[in-house]
Amino acid sequence: NAGVTQTPKFRVLKTGQSMTLLCAQDMNHEYMYWYRQDPGMGLRLIHYSVGEGTTAKGEVPDGYNVSRLKKQNFLLGLESAAPSQTSVYFCASSQDRETDTQYFGPGTRLTVL
Amino acid sequence: SQQGEEDPQALSIQEGENATMNCSYKTSINNLQWYRQNSGRGLVHLILIRSNEREKHSGRLRVTLDTSKKSSSLLITASRAADTASYFCATVVLNDYKLSFGAGTTVTVRA
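Top to bottom, those sequences are chains E and A. Under my numbering, read the first sequence as residues 202 to 314, first letter to last. Under my numbering, read the second sequence as residues 191 to 301, first letter to last.
So that you can see chain A by itself, here it is in the shape it has in the complex (with noise of 0.2 angstroms):
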C-alpha cells in the first residue's frame, strides 16, 4: 500500500506563477523526499526533509514538513515551461530505510 498521497493529481499554471502540491502520509518518517519526473524519463532526486525540520529550501523550491499533521508541501517559484513534469513525494518509515511513493502530481507549465 501506498504510504504517501498527493493533492491535487494534476495541476495546471501559467509561466510565473508558483505552483504548490501537497503530500500526506499515514505512519512516522524518518524523513520525506521529492522526486521530479520528466515525460519518458526517471525520477530525479529534488529536496529531502528530515523528520526534525519544519521547512527547507532549494534554489525555487520550497519544502514544508507538518508531522503533526503527517503532511508537506512542495512549493515552485517562478514556473518555468521546463518545470513542467510529474512530482512524487516518497517517505521513508522509520526503521524501514525504504522509500515509499505517493502517486504522484501532474504539474504542466503553460507558456
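Extracted from the complex, chain E is given alone in its bound form (with noise of 0.2 angstroms):
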C-alpha cells in the first residue's frame, strides 16, 4: 500500500516548455486535489477532483489544466511554464467529503528558470 505517489520529484524547465505532474493513489479515494506550496503562504489549492472524470477550479488556477480519466490517477499540467510557477506541487486525495481528512503525497519540486 503505497498511499499517494507523484512522478517526478524534482524537474526543471524552461520558460515556454510544457510538463505534466502525475499523482496516483491505491486507497480508492474519491477525491484528489493538487496544491502549490510557496515560502511563508501555505498550501494554496490550485484545482481539485470530486471523482474520475470530473474536475474543478481551487484557488489559484491560472496557468494550470488537470485530468481525471481514471479514479486513481490525477495529472496536472503546465502548458507554457513560467518562473512564477516555481514550486513545489503536492497531490492529496481523500475519502471523507465532510471531514475532508486528506493524505499527501512527498511533493514535486518544479524550478523554471
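Hint data in this document are derived by calculation from the structure and do not stem from the laboratory. Glycine included, every Cβ here is placed at the ideal spot set by N, Cα and C. The reader is advised that the hints may include incorrect statements.
In silico DSSO-like cross-links for lysine-lysine, where the CA-CA straight-line distance does not exceed 30 angstroms [said to hold, decoys possible]:
#1 A:K246 with A:K216
#2 E:K272 with E:K258
#3 A:K216 with A:K260
#4 E:K258 with E:K210
#5 A:K260 with E:K258
#6 E:K258 with A:K216
Output of the computed footprint for chain E on chain A, the stretches with three or more beta carbons under 8 angstroms from beta carbons of chain E [stated by the list, open to error]:
#7 205–211
#8 214–223
#9 250–258
Starting from two chains that each stand alone, build the complex the way the hints lay out.
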C-alpha cells in the first residue's frame, strides 16, 4: 500500500516548456487535490476532483490544467511554464467529503528558469 | 485568500518542554485539522476537531477549539527532537468541503 505517489520528484523547466505531473493513489479515494506550496504562504489549492471524470478550479488555477480519466490518477499540466510557477507541488486524496481528512504525496519540486 | 493564520511563525524549545501554537480563522467552519510537515516531505494529518467539540487529545497532542473567538490551539507536550517540523492548521468551511491552510508554525526542538 503505497498511499499517494507523485512523479517526478524534481524537475527543471525553461520558460515556455510544458510538462505533466502525475499523482497516483491506491486507497480508492474519490477526492483528489493539487496544491502548490510557496515559502511563507502555506498550501494553496490549484484544482481538485470529486470523482473520476470530474475536475474543478481551486484558489489559483490560472496556468494549470488537470485531468482525472481514472479514479486512481490525477494529472496536473503546465502548458507554458512561467518562473512564477516555480514551487513545490503536492497532491492529496481523501475519501470522507465531510471531514476531508487528506493524505498527501511527497511533493514535486519544480523550478522554471 | 488563506482562511487560517498560525501564531507564532516560528518556535524554538528545549527537548522535554511543551510547545503551543495558535490558529485563527475568519469564517464559520465544519471542522479544523492540524497537519505536520517534516522538512522536504508531504503533510501528515495529526488531529481533527469538529465545530461542536471544544477539546481533543491524541497521544502527546492536545487541541482546543473556541468557535466564539474563531481560534484553535495545538499543544505538544514533552517535546522530542522528532517533533521538529512545520505545523499547519487547516479549516473546512461550512458547505465548502475543501481544506484551507494557514502559513504554518515552524517548531524546532533543541536536544
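Structure-based check of each hint:
| no. | hint | verdict |
| --- | --- | --- |
| 1 | A:K246 with A:K216 | 21 angstroms, holds |
| 2 | E:K272 with E:K258 | 18 angstroms, holds |
| 3 | A:K216 with A:K260 | 7 angstroms, holds |
| 4 | E:K258 with E:K210 | 24 angstroms, holds |
| 5 | A:K260 with E:K258 | 27 angstroms, holds |
| 6 | E:K258 with A:K216 | 22 angstroms, holds |
| 7 | 205–211 | violated (count 0) |
| 8 | 214–223 | holds (count 3) |
| 9 | 250–258 | violated (count 0) |
Comparing the model with each numbered hint stated earlier shows that hints 7 and 9 do not hold.
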